[in-house]
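Spelled out, the chains give:
There are 2 protein chains.
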Amino acid sequence: MEHAVVLAGGSGTRFWPESRTSRSKQFLDLTGGGPMIRETLDRLRPVVPSERLWIVAGRKDAPHLSPGALGLPKRNILLEPDGRNTAPAVALAAAVIARRDPDAVILATPADHAIGDVRAFRTVIRKGLRLARDTGRFVTLGVPPTHPSTGYGYIERGKPFPGRVKGAFAVARFTEKPDLATARRFLRSGRFDWNSGVFLFRADTFADRLSRFLPEVDRRIRDALRGGEKGFDRRLSEAYRRMPSISIDYGILEKEQGTLVLPADMGWSDLGTWRSLHEFLGEKGGNVTFGDVILADCRNTLVRTDGGLVAVLGMEDTVVVRCGDAVLVCPRSRSEDVKGIVGEIRRRYPALA
Amino acid sequence: MEHAVVLAGGSGTRFWPESRTSRSKQFLDLTGGGPMIRETLDRLRPVVPSERLWIVAGRKDAPHLSPGALGLPKRNILLEPDGRNTAPAVALAAAVIARRDPDAVILATPADHAIGDVRAFRTVIRKGLRLARDTGRFVTLGVPPTHPSTGYGYIERGKPFPGRVKGAFAVARFTEKPDLATARRFLRSGRFDWNSGVFLFRADTFADRLSRFLPEVDRRIRDALRGGEKGFDRRLSEAYRRMPSISIDYGILEKEQGTLVLPADMGWSDLGTWRSLHEFLGEKGGNVTFGDVILADCRNTLVRTDGGLVAVLGMEDTVVVRCGDAVLVCPRSRSEDVKGIVGEIRRRYPALA
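Chain order of the listed sequences is D and Z.
According to numbering that gives the first Met the number 0, the residues represented by the first sequence are 0 to 352, in order.
According to numbering that gives the first Met the number 0, the residues represented by the second sequence are 0 to 352, in order.
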């Protein structure tokens with residue numbers, strides 16, 4: 000059966016002051032459609048029913064994870080003692096799923112990305128699940144780039160992959176975030192897609208590759224699961240204490256031969272910064288506001304407030320966010336650097352970080 | 000004896016969100032030295048003792064006018080039913096003072112200006128009081144301009160005025176706020192001072208000119224004062240209902256022949272906008288902050304908060320003010336336009352205006 004695993008272990012600082020140590024990006028309502036994790040689940044639900052939707056999150060985030068509000072069984076929420084990047088998180092979920100459904104096909108996705116064209120997304124994940132089941136290969140979703148972003152990883156397409164599911168390609172290679180010249184070359188070539196972070200695989204394939212490429216992660220997850228419910232939390236804490244921290248991309252996908260990519264134009268954004276939120280929501284050069292905001296003579300400006308009035312006069316290309324007891328003002332172009340000042344905020348105003 | 004009248008009838012909107020309908024500029028602590036009206040009184044006190052310090056303010060501002068906090072007798076606080084510009088305010092105070100002290104020499108000053116060099120200010124007002132007493136003329140304080148401001152009125156100096164008090168000139172003319180080309184010409188000529196709004200006169204001189212130049216104001220103030228304490232408030236309301244609204248500059252000083260100007264380099268600013276506050280407090284190009292503020296890579300920026308944290312990253316020439324439940328962001332160069340958006344705030348968020 001099809002399963003989906005939503006990876007909700009992130010601890011973003013780039014959306015300060017809305018994101019805080021105690022409230023990561025995936026629990027924010029950035030687009031106005033509700034908390035991102037709920038949007039992610041709702042986007043999947045017509046393809047994968049609630050009883051086969053899974054979340055992997057940190058124990059510290061348990062207060063944000065009401066099964067009722069999220070619409071899935073409590074046992075489908077897996078809590079990691081600490082964050083160890085994506086490979087252990089996926090390994091934990093895949094192992095739990097495989098014990099209940101050895102024939103599972105699994106989609107794994109970040110909890111905090113945005114999809115503008117949900118219909119296109121659902122079409123491509125249906126194809127991707129079929130492709131992963133048919134071939135036993137890893138399948139990644141690629142996003143045809145619209146501009147030479149230096150903030151995303153890229154996937155180079157190889158040969159078209161023949162078979163029942165149309166539109167797939169062999170992966171020629173994964174690349175890290177490129178510099179601008181490289182990103183421009185990628186865009187011109189027409190052979191590169193952005194790495195959306197969504198990938199699909201059969202449980203048996205995953206188990207095989209995990210034992211081969213990440214044997215320590217495999218062993219520690221097995222140790223934790225051995226012995227049933229009783230004492231599981233304690234065993235998991237023990238397993239995570241020495242768990243390597245490694246991403247699924249680096250630990251498995253880049254080592255695996257034969258991975259496929261399905262390109263999908265689905266209005267995807269990783270919403271990595273205030274700027275990318277503004278780009279996702281607004282028209283080019285337009286303003287985007289949330290809450291009680293007065294704008295006069297502004298252009299290309301994002302203003303959000305969760306209470307109280309924010310009046311902005313004569314500003315361009317600016318981000319203004321008021322959240323609770325904190326306000327941020329910066330140029331759109333400096334959105335990447337917000338995480339940098341959160342360090343100073345942690346030192347000087349720990350309650351506000 | 001010497002008396003000083005502090006004119007506190009203003010109702011500024013240019014310092015929104017700190018100034019509100021219910022809290023005018025003169026009651027704000029803009030420079031960090033306490034409410035402006037108290038700073039103004041304290042600045043005068045070594046020259047004019049508390050029992051001869053007077054305030055003229057609006058009845059609506061009575062809650063801000065605690066005699067204890069301001070350090071002057073309750074009867075020295077004169078409350079106008081409504082604002083009618085400065086001529087009726089000065090006329091009211093001058094008439095009340097003259098009844099108790101017919102030989103009074105009076106200094107009148109706005110409540111909401113800033114003086115950087117208080118010692119120079121005290122020196123010049125001592126001279127001014129002596130000059131007004133000796134000559135029976137109106138004396139104004141001029142400020143040698145430091146830049147071609149288009150936001151101030153100017154006074155052209157005529158011939159040096161001979162006598163015991165050195166440094167005074169006959170006033171050749173008062174001018175309105177000039178355009179930039181004119182302001183530059185004024186600055187180059189070396190013959191012009193900014194009009195500080197501080198002026199000095201003998202009570203008998205004032206009474207004479209008021210009856211001559213503004214007979215209606217004179218008559219209505221007399222009517223209100225006739226008959227003692229009992230029913231005074233009611234009679235004053237009656238008098239103000241039909242009181243002309245006119246400034247002392249326009250109504251008397253510009254008609255009067257023989258007015259003198261005493262130039263004084265005393266670090267004066269009318270603090271007319273957030274920008275001028277920034278210029279008064281900061282070094283050229285420097286940042287000025289009040290409250291819990293984190294700045295990173297900012298230049299020439301003013302940031303104030305009365306609660307909660309404001310983090311500003313990578314901004315130049317910007318004003319950010321958080322006060323209570325409102326936030327303002329604008330370029331320094333648009334400070335003049337803040338009053339313009341207060342109209343929209345009044346309509347849409349009356350509680351915040």
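Hints were generated in silico from the structure; no laboratory data involved.
The structure displayed is predicted, hence computed values, not measured ones.
A few of these clues could be false.
DEER-style ranges, computed between Cβ atoms [as the list claims (entries may be wrong)]:
no., chain 1, residue 1, chain 2, residue 2, range
1, D, Gly284, Z, Pro45, 28 to 38 Å
2, Z, Glu282, D, Ala171, 55 to 65 Å
3, Z, Ser21, D, Arg298, 47 to 57 Å
4, D, Arg187, Z, Arg187, 56 to 66 Å
5, D, Lys283, Z, His146, 35 to 45 Å
6, D, Thr149, Z, Lys59, 50 to 60 Å
7, Z, Arg346, D, Gly281, 19 to 29 Å
8, D, Ala171, Z, Arg346, 41 to 51 Å
9, D, Gly284, Z, Gln256, 54 to 64 Å
10, D, Gly150, Z, Pro143, 49 to 59 Å
11, Z, Arg211, D, Arg298, 48 to 58 Å
12, D, Gly67, Z, Arg346, 55 to 65 Å
Examples of chain D residues lying across from chain Z (beta carbon under 7 Å, computed) [claimed, not checked]:
no., residue
13, Gly230
14, Arg233
15, Val311
16, Leu312
17, Val326
18, Cys329
Ideal placement from N, C-alpha and C gives every residue a C-beta, glycine not left out.
Here is what the structure says about each hint:
1. D/Gly284 <-> Z/Pro45: 28 to 38 Å: The hinted range 28 to 38 Å is violated for glycine 284 of chain D and proline 45 of chain Z, with Cβ atoms some 57 Å apart.
2. Z/Glu282 <-> D/Ala171: 55 to 65 Å: Hint holds: Cβ distance 57 Å, inside 55 to 65 Å.
3. Z/Ser21 <-> D/Arg298: 47 to 57 Å: 33 Å, violated
4. D/Arg187 <-> Z/Arg187: 56 to 66 Å: 58 Å, holds
5. D/Lys283 <-> Z/His146: 35 to 45 Å: The hinted range 35 to 45 Å holds for lysine 283 of chain D and histidine 146 of chain Z, with Cβ atoms some 39 Å apart.
6. D/Thr149 <-> Z/Lys59: 50 to 60 Å: 57 Å, holds
7. Z/Arg346 <-> D/Gly281: 19 to 29 Å: For arginine 346 of chain Z and glycine 281 of chain D the Cβ distance comes to about 26 Å; the hint holds.
8. D/Ala171 <-> Z/Arg346: 41 to 51 Å: 60 Å, violated
9. D/Gly284 <-> Z/Gln256: 54 to 64 Å: 59 Å, holds
10. D/Gly150 <-> Z/Pro143: 49 to 59 Å: The hint (49 to 59 Å, Cβ to Cβ) holds, given that glycine 150 of chain D and proline 143 of chain Z are roughly 55 Å apart.
11. Z/Arg211 <-> D/Arg298: 48 to 58 Å: 55 Å, holds
12. D/Gly67 <-> Z/Arg346: 55 to 65 Å: 42 Å, violated
13. Gly230: With a closest approach of 43 Å, the glycine 230 of chain D hint is violated.
14. Arg233: 39 Å, violated
15. Val311: 5 Å, holds
16. Leu312: 4 Å, holds
17. Val326: With Cβ-Cβ at 4 Å, under 7 Å, it holds.
18. Cys329: 4 Å, holds
Consistency with the previously given hints fails for numbers 1, 3, 8, 12, 13, 14, ordered from lowest to highest.
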